[in-house]
Amino acid sequence: MEVAFRKIDIDAFDEDVIQESELYEADPRDPAQVFEEAKARQASVRSLLSKNDIVGALVTALDNAPYGPNVEEAKTISLQTLLGILNSTKSTDISNVVQSLTMDSQDTLMKYLYKGMAMADSNASVLLSWHEKLTEVAGTGCIVRTMTDRRTV
Amino acid sequence: MPQVYSISQNPITAHAFNADRSQVAVSLNSNDAQILGPSGSEWTTIETLAEHDKVITSIDWAPNSNQIVTASQDRNAYVWQQTPDPETGKIIWKPTLVLLRINRAATHVRWSPKEDKFAVASGARAIAICSFDPENNWWVSKLLKKPIRSTVLSIEWHPNNVLLAAGSADMKARVFSAYIKEIDERPAATVWGSKLPFNTICGEYASAAGGWVHGVAFSPSGDVLAFASHDSSISIAYPGGPVHHIRMPTLPLVTLTWTTEDTIIAAGHDCQPIVFSGSDAGWQEVGTLDDGSGSGAKAGPGPVGRLKTGAFATFQNADSRGQGSNVSNDTKLTTVHQNTITSVRPYGGAAGQVTQVSTTGVDGKLVIWDTASVSALTGRMGAMSMS
Numbered sequence: 001m002e003v004a005f006r007k008i009d010i011d012a013f014d015e016d017v018i019q020e021s022e023l024y025e026a027d028p029r030d031p032a033q034v035f036e037e038a039k040a041r042q043a044s045v046r047s048l049l050s051k052n053d054i055v056g057a058l059v060t061a062l063d064n065a066p067y068g069p070n071v072e073e074a075k076t077i078s079l080q081t082l083l084g085i086l087n088s089t090k091s092t093d094i095s096n097v098v099q100s101l102t103m104d105s106q107d108t109l110m111k112y113l114y115k116g117m118a119m120a121d122s123n124a125s126v127l128l129s130w131h132e133k134l135t136e137v138a139g140t141g142c143i144v145r146t147m148t149d150r151r152t153v
Numbered sequence: 001m002p003q004v005y006s007i008s009q010n011p012i013t014a015h016a017f018n019a020d021r022s023q024v025a026v027s028l029n030s031n032d033a034q035i036l037g038p039s040g041s042e043w044t045t046i047e048t049l050a051e052h053d054k055v056i057t058s059i060d061w062a063p064n065s066n067q068i069v070t071a072s073q074d075r076n077a078y079v080w081q082q083t084p085d086p087e088t089g090k091i092i093w094k095p096t097l098v099l100l101r102i103n104r105a106a107t108h109v110r111w112s113p114k115e116d117k118f119a120v121a122s123g124a125r126a127i128a129i130c131s132f133d134p135e136n137n138w139w140v141s142k143l144l145k146k147p148i149r150s151t152v153l154s155i156e157w158h159p160n161n162v163l164l165a166a167g168s169a170d171m172k173a174r175v176f177s178a179y180i181k182e183i184d185e186r187p188a189a190t191v192w193g194s195k196l197p198f199n200t201i202c203g204e205y206a207s208a209a210g211g212w213v214h215g216v217a218f219s220p221s222g223d224v225l226a227f228a229s230h231d232s233s234i235s236i237a238y239p240g241g242p243v244h245h246i247r248m249p250t251l252p253l254v255t256l257t258w259t260t261e262d263t264i265i266a267a268g269h270d271c272q273p274i275v276f277s278g279s280d281a282g283w284q285e286v287g288t289l290d291d292g293s294g295s296g297a298k299a300g301p302g303p304v305g306r307l308k309t310g311a312f313a314t315f316q317n318a319d320s321r322g323q324g325s326n327v328s329n330d331t332k333l334t335t336v337h338q339n340t341i342t343s344v345r346p347y348g349g350a351a352g353q354v355t356q357v358s359t360t361g362v363d364g365k366l367v368i369w370d371t372a373s374v375s376a377l378t379g380r381m382g383a384m385s386m387s
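Chains as they are written, first to last, in full-length UniProt numbering: chain A, 1 to 153; chain B, 1 to 387.
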């Protein structure tokens with residue numbers, strides 16, 4: 001069967017095609033500013049972690065997470081910052097930590113868990129135990145929001 | 001107790017009752033619409049409306065003029081009227097084709113409150129507003145296009161017969177003016193605006209976390225808009241005032257209706273009608289119409305959107321305890337509906353004081369619920385929050 005036609009980008013022939021930028025409100029911040037903020041967050045998360053304040057570190061890392069185009073560096077730093085927190089949390093503490101987050105932070109955390117799992121060299125067992133505990137608290141709705149939200153971290 | 005009728009093995013795509021609730025028009029995911037009437041404790045087919053040549057997506061039955069309108073993936077709509085057959089004299093449903101001028105599937109159709117217009121949502125990034133032209137004896141359509149960027153999935157009329165709410169796959173719910181100067185009187189000013197030429201955008205609201213908008217509904221007064229979106233949230237928007245988003249811990253809701261000015265019933269992939277209540281100060285989930293005892297399933301697993309149910313529990317047991325064989329094969333959900341509810345509509349009572357609602361879904365069931373019998377949600381995960 002002839003299937004080559006399936007690889008044609010039909011959107012290229014549509015003058016009125018919907019653009020990615022029309023699907024969500026763009027981040028109003030300048031990419032350079034987002035990058036600086038990500039680095040600043042990384043530093044404050046480190047100091048919070050050294051004081052063993054996991055919840056504080058997680059809240060800081062999940063606040064104002066970079067999303068959208070042109071902020072790849074900030075996204076990478078934010079992901080590394082977050083994975084640092086996840087890896088240094090005792091597995092018995094995860095439930096309590098997750099419960100103390102706001103719903104917005106829970107949704108953002110779920111986005112990072114999926115992004116982490118998509119990496120080739122991720123520590124999957126840590127991510128999966130966070131995923132299990134987070135789903136118990138925030139429900140399947142949290143996963144659905146990660147799937148639908150175009151503001152990817 | 002809800003009244004439960006198993007209509008078919010196939011999904012029910014749409015349902016619409018007539019004015020006295022003695023008949024219901026349904027489409028069983030096919031090219032035909034069936035008119036069902038009660039026979040004993042069942043509903044049986046009285047007549048089949050066959051004219052569309054692709055799947056029917058939506059049906060609406062005008063209570064006063066007794067006309068049915070059907071919309072289909074074949075990009076057409078038909079208006080059906082009861083007339084005597086010229087040869088036999090028997091009363092039959094006669095179809096009239098409506099030229100919608102859309103080049104994609106029609107997705108949703110609703111009569112306006114005065115029944116002199118109807119609106120057809122479509123995949124052509126447009127909504128066809130159809131009105132009857134008595135001179136030429138046909139229905140003419142005028143398209144609402146801007147600024148819709150994707151398929152329109154649902155529509156609902158404002159009680160003033162002019163404003164129309166639309167939910168779309170471009171993640172927005174909008175309120176448009178569908179004013180047709182040939183037939184509409186100048187509408188009185190509402191909270192949505194005072195000057196309302198055709199295609200005025202009176203409101204535009206985004207979903208909470210970027211979900212496409214499945215269902216829209218005006219409050220009985222028309223002053224508030226609610227919509228359900230695929231990010232498992234419902235939003236209640238007050239024009240010029242707050243927009244309340246409720247994020248659900250469960251699977252998304254797809255359909256909703258207001259029963260009073262401060263109560264909404266919504267349903268969807270969680271297989272049960274959920275009741276929300278509130279005011280401009282805030283909204284919250286208050287319970288479910290499904291107390292979990294009606295399906296005859298053994299107590300234990302909760303509905304699908306909640307964790308640790310049927311298949312989930314089976315795999316979890318197999319994983320954690322190495323048990324695969326002796327786990328119960330009971331895949332029945334504890335809810336009345338056994339699959340996604342795709343439509344919830346007012347059934348009994350008056351506008352603003354709806355006492356009963358009807359639901360249909362992918363499981364082929366038609367269920368009529370009393371809106372007063374709200375029970376608390378059990379076995380739910382997580383907590384609700386407002387933002």
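Read the hints as simulated data drawn from the structure, not as lab findings.
If you're wondering where the values come from, they're calculated on a predicted model, not measured in any experiment.
There may be inaccurate statements among the hints.
Computed cross-link-like contacts, DSSO-like style, restricted to lysine-lysine with a CA-CA straight-line distance of at most 30 Å [what the hints assert, rightly or not]:
(1) A:K7 - B:K54
(2) A:K51 - A:K75
(3) B:K94 - B:K181
(4) B:K145 - B:K90
(5) B:K332 - A:K133
(6) B:K145 - B:K114
Tested hints:
1. A:K7 - B:K54: Holds, at about 27 Å.
2. A:K51 - A:K75: Measuring from Cα to Cα gives roughly 25 Å; hence the hint holds.
3. B:K94 - B:K181: Distance ~28 Å between K94 (chain B) and K181 (chain B) Cα, so the pair holds.
4. B:K145 - B:K90: It is violated: about 42 Å lies between the C-alpha atoms, which goes past 30 Å.
5. B:K332 - A:K133: With a Cα-Cα distance of about 26 Å, the restraint between K332 (chain B) and K133 (chain A) holds, given a limit of 30 Å.
6. B:K145 - B:K114: The hint holds at about 23 Å.
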